[in-house]
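J.: So the chains spell out like this:
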Amino acid sequence: MEFLTDPIKVVYDWLLELFLGWGWADWVAVLVIYLLGIVLFISAVMVLDILLVWVERKVVARFQDRLGPNRVGPFGLFQPFPDIIKLILKEDITPEGADRVVFNLAPILSLGSVLFLWAVVPLASRIYGVDLNVALLYIVAAGAIGTLSIIMAGWASNNKYALLGAYRMVANMISYEIPMVVALLIPTVLVGSMSFVAITEAQANYWFVLVSPLGALIFLVAAIAELGRSPFDLNEGESEIVSGYHIEYSGMKFGLFYAGELLHAFTFGGFIAALFFGGWHGPWAEQYPLLGAFYFVVKAMLGYWVIMWVKYTVPRIRIDHMLAFNWKFLTPLAFILLMVTAVTHRVLLDAPTWLYISGMFLSNVLLAWITVEGLRMQARRKREADVSAEPAAAD
Amino acid sequence: MTAEQIIFFLTAALILISALMVVTTRNLVHAALWLIAVLFGAAVLFATLDASFLAVVQIVVYIGAIAILFIFAVMLTRRNLLDKVSQTNAGWPWAAGISVAAFAGLVFLVGQMHNAGAQKGEVSGDPLMALSTALVSPDAYVLAFEVASIMLLAALVGAVYIANRK
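Here the protein sequences come in this chain order: A and B. Each residue of the first sequence is one higher than the one before, counting from 1 in my numbering. Each residue of the second sequence is one higher than the one before, counting from 396 in my numbering.
None of these hints come from the bench; they were simulated from the model. Treat the hints loosely; a few may be bogus.
[Said to hold, decoys possible] With beta-carbon atoms standing in for the labels, derived distance ranges:
#1 B:425 to A:373: 50 to 58 angstroms
#2 A:301 to B:425: 37 to 45 angstroms
#3 B:486 to A:315: 27 to 35 angstroms
#4 A:342 to B:546: 21 to 29 angstroms
#5 B:538 to A:354: 38 to 46 angstroms
#6 B:535 to A:342: 19 to 27 angstroms
#7 A:35 to B:444: 21 to 29 angstroms
#8 A:35 to B:510: 52 to 60 angstroms
#9 B:546 to A:366: 48 to 56 angstroms
#10 B:554 to A:354: 39 to 47 angstroms
#11 A:82 to B:551: 52 to 60 angstroms
[Unchecked claim] If the Cβ cut is set under 10 angstroms, some of the chain B residues that face chain A in the computed set are:
#12 424
#13 450
#14 455
#15 510
Virtual Cβ for every residue (Gly too), placed ideally from N, Cα, C.
Could you build the full structure based on these sequences and the hints that come with them?
T.: Structure representation (structure tokens):
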């Protein structure tokens, strides 16, 4: 029964006893166990990634009224394996004039920046990599390395389309980092900690989406932009710049970018779940961490599904619209929301829970309503100005 | 040798080699990438000193923003700018001498400090909490913190003014 309540510790103790029995030194045994844990965890995540290829293709097919892969295995479940074999067998091309080392390093960093994120993902109450006290900043830092990998890929390819794609992507990621960090600050303010474990544990009674629905929405939008998915997929823009920064990559090097993108989206689904939807919390999840991990993966999948839903429904927006939307709308809104959340949280801190939740929720709704009204008035003023300007221009 | 020392020596070697590459490589983008390796090494050093916040901020700010800006700026210049130009000028022996003297002086000064070669100090409680209270505590760094904020605000206002000028 011990295994069900704390699986990681049981396995750890068993391995430690085994290795010490072999006459290993204490620190060697601990080091080997940690290395084994890292390798196993990353392998599990990568296997999940293989499955995500199927999920993504099947879901996009449904959104586009198609069937999707259905030939290999039941429901086309084994489709990723032919995909992988094809990617491995393809010729590995390095373009002429490419910067070899940087060119080959970029896909590794790209996938690595996503795998870094899994160190802090709180899978269940006692199943997680590390409990960093700066976990939220850590995921921003990992995103910075992702940005770096993209600019390396774009520059080293010696291709103007690749470079243009990288420029767009970096402009996108750097600017949407700001509303994302501010949205990350909202759970931080509510809990008083930047640790994922503490944030998840604080949601035992109510999910933060009730306390800060607008924060969850801003985080979702910023996450989609950070992922470079539609409507923010200007980096790919097939009709303009062919396919962006990974245009020159073939075979498994392209595969690494692709796998990184899918896993990134799923990981951000997990972050949305952990930050705003209670993470691993659910019935009996406290006693049985494996059940909590199951809840977490289900919630992460739902988040991933919403990201896919947006991707395959909304058309790509123009780059000036994208930047204006961020700097003139999302960033100020995120900052105002942060201030409103902090003040309301402080005022209602000692109030009973029902009053606290409804007060926070109402403050969010009020802010959203004011924003929408403001936008509508601005649009009307602009329309009227256009109408009154037209006859003058006709004269 | 403890694990911490091994990590320190590996990181120090990475930092020194990368720093050397920054100034000797002829390709400017490579120089920027080596600079990123230096900054990453500094982040690792912060992490081994239990300064997790500084380590992560080092990556977010220096690699995520400043190094990317460098790369952008470098990309806007001509490619392989220094291929034909000599990398040193006539004054290099003077510069080398001054650098060596400054290094020797620093080593001497650090050796004079009473806590030279000491182990890192124990931080009671959450180091992040200690840092954040120190930043807003009147007894500690609140003045420096606020001055830095005002300077950044002034820079921001100035940038907006310059960008807005018709």
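J.: If a hint holds in the structure, say so; if it does not, say that too.
T.: Hint check:
no. : hint                               : in the structure
1   : B:425 to A:373: 50 to 58 angstroms : 53 angstroms, holds
2   : A:301 to B:425: 37 to 45 angstroms : 42 angstroms, holds
3   : B:486 to A:315: 27 to 35 angstroms : 59 angstroms, violated
4   : A:342 to B:546: 21 to 29 angstroms : 24 angstroms, holds
5   : B:538 to A:354: 38 to 46 angstroms : 43 angstroms, holds
6   : B:535 to A:342: 19 to 27 angstroms : 23 angstroms, holds
7   : A:35 to B:444: 21 to 29 angstroms  : 23 angstroms, holds
8   : A:35 to B:510: 52 to 60 angstroms  : 35 angstroms, violated
9   : B:546 to A:366: 48 to 56 angstroms : 35 angstroms, violated
10  : B:554 to A:354: 39 to 47 angstroms : 46 angstroms, holds
11  : A:82 to B:551: 52 to 60 angstroms  : 53 angstroms, holds
12  : 424                                : 6 angstroms, holds
13  : 450                                : 8 angstroms, holds
14  : 455                                : 5 angstroms, holds
15  : 510                                : 26 angstroms, violated
Against the hints set out earlier in the document, violations occur for numbers 3, 8, 9 and 15.
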